[in-house]
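Taken in order, these protein sequences are the chains called A and B.
Just so it is clear: in the first sequence, position 126 is 126 by my numbering, and no numbers are missing.
Just so it is clear: in the second sequence, position 146 is 1146 by my numbering, and no numbers are missing.
No wet-lab data here; the hints were simulated from the structure.
Positions of the beta carbon are idealized from the N, C-alpha and C atoms, including for glycine.
One should not assume that every hint holds.
[To be verified] One-sided and incomplete, this derived list gives chain B residues near chain A with beta-carbon spacing under 8 angstroms:
| # | residue |
| --- | --- |
| 1 | P1028 |
| 2 | Q1049 |
| 3 | D1102 |
[What the hints assert, rightly or not] Stretch by stretch, here's where chain B covers chain A in the computed footprint (C-beta under 8 angstroms, at least three residues):
| # | segment |
| --- | --- |
| 4 | 119 to 132 |
| 5 | 143 to 149 |
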Amino acid sequence: MSVEPEVPIVQVEEVRENPVLYKIISSDNHVFTISEHAVKLSKTLWDLITNLGLTAENALDNPIPVENVNGKNMETIVQFCERHKYDEEEPEYTNYIREFVLPEWDRQLLSIDNEELFQLILATNYLDIQKLMDYCCRVIGDMAKDKTPEELRIIYGIPTDAEDDALERSASDSPGPSG
Amino acid sequence: MPSIFSCLFPQLLRPKAPKYDTNLMDMPADCMNIILGHTWFEDIHSLRQVCHSLRTHIDTTNPHPGVQFMQLQIRIKETWVLVNYMAEKRMGNINYEMKGEDCEVTQRLLYLVNRKKRERKVRKLIENQNFLNVFFTDFERLLKSHNQGILGSLTLHIAPGLSPRIAQVMMRALSAKPRPLRVRDIEIFTETPEEFLPVLSQLDPREVESLTMKSGNSGDQGDKRTLNLNLERWTKLGHLEIDPWIVDVPPMKTFRTMWAATLHFETLNGEQMAEVLEIIRSKHRCRHFDFTFQTFENLEAFLNSLHTYFWLGRDGEVQCFMEFPKGQITVDKGRNRIQLKRDVWDVKITGDDDVIDWKEVHRILPEEKK
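My request is simple: use the sequences and hints to build the entire structure.
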């Protein structure tokens, strides 16, 4: 009696709906595989793929280097894109209540420390992923609730004006590359 | 090392922020705008105090170009103004109170965090500022910054003498908006409703579902005016409650959604009143009426002109509440009839078959009136 091997649901979906996969190399040389639907969420990557003329046949043989994003951020981004690749486009807000809901899965994904979150925002901005940008900014924006200016400065890692001035002074005092 | 006199230099005691390689101030302007757009407008004043750069960014970019209020209720009195609002996931109020020559502003905010209620209260004394001026500045900003979403309800309770200034501020703010403000329910309690007619014309007429304009002083029977309230384009209007000074018959023919009406017929003749009722009843299936007749002649003319008078009493679905003028009418519930007289007592009648026999009413009218 033969027993059919269990096939992960993700793979079944991929085979059934779209087998095209692309390879992405992060700035620290980590390689990621991402499906076509997922990569379309990034305007930058999709434009790149279109311009390079990558097809289903040659996609895996031509990895795409992304110099501005490290492996850690790329991992989060790939997870996010794979999760949201079949999301329908959100309708414009026309209703009486304009409510922004951050799904629990995404909240968990973005439960990282603030500095990493800022770096993820920069990466997301570079890759132009609107939804992830909105979610990251929401998490950062939510941190401001009911905080004093001093607490906000610490949460957001902002130096005081005095520290800022000192940094600027030391930067201007130090000899430049030519000096 | 902190100074000995550090109390004079509080910045020296400020805790150091963790040194991030990337912090909020490293965000590109676009990202910063999105982040600030996701903060609440109540928190902007704290963010402005964090550092020079952030303050400059906020002041130059206006991170909340569009605030969405669900409800806005404003009560303006001689010495204080209270603004109650409901916005996304929170409700708050701001009180502007006269304190001698100064204005004390108290902000209270209620919101939920993980299903737990949190409250924030901030109080500030603004020296040498009239409380009304402080409120007017905020109110104008608030109206200007309301986004294209629908403001669920706007309620204004205005103390005597202040309506012209409120209307002026509203006109200035609303006319500066690129698109008309969308409001669903409007309630204005003022002794000078005429001041608000231009304001109403600045609202999106396709969104208003309910309009109430009343004198805040309900017992006032004095100075009454007739105003032309042009409701022709108010296609969603379902509830209308207006005091005697506002009556405009022709546009009422355009109503398609009216379900309730409170009308005061002081200024209409009987034929006009009957016309209005017939329009509302038959074309718009309105099932709730509240009529007030100010004089006996007024009521008499109405009854005479009401050719389809029987529906008021015979149609079981119609609820009719009528307030008759003092000393003009008597009711005999036992005999199922009412009587019109000039010198009897004040009475309220709930109109249905059990109480009023409208044929009888018609019959007892003077012969020449039939």
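Check: Counting residues of the segment 143 to 149 of chain A with a beta carbon closer than 8 angstroms to any beta carbon of chain B, are there 3 or more?
Finding: holds (count 6)
Next item on the list: With a C-beta cutoff of 8 angstroms, work out whether three or more residues of the segment 119 to 132 of chain A approach chain B closely enough for the coverage to hold.
Entry: Per the Cβ count (4), the hint holds.
Notebook entry, point to check: Close enough to count: is the Cβ of Q1049 (chain B) nearer than 8 angstroms to one in chain A?
Noted result: This interface hint holds because 4 angstroms falls under the 8 angstroms limit.
Note to self: Checking hints one by one. Is D1102 (chain B) an interface residue toward chain A, by the C-beta closer than 8 angstroms rule?
What the structure shows: With Cβ-Cβ at 24 angstroms, over 8 angstroms, it is violated.
Margin query: Please check whether P1028 (chain B) passes as an interface residue: C-beta within 8 angstroms of a C-beta belonging to chain A.
Written below: 6 angstroms, holds
In summary, the structure is inconsistent with hint 3 from the numbered list given earlier, while agreeing with all the others.
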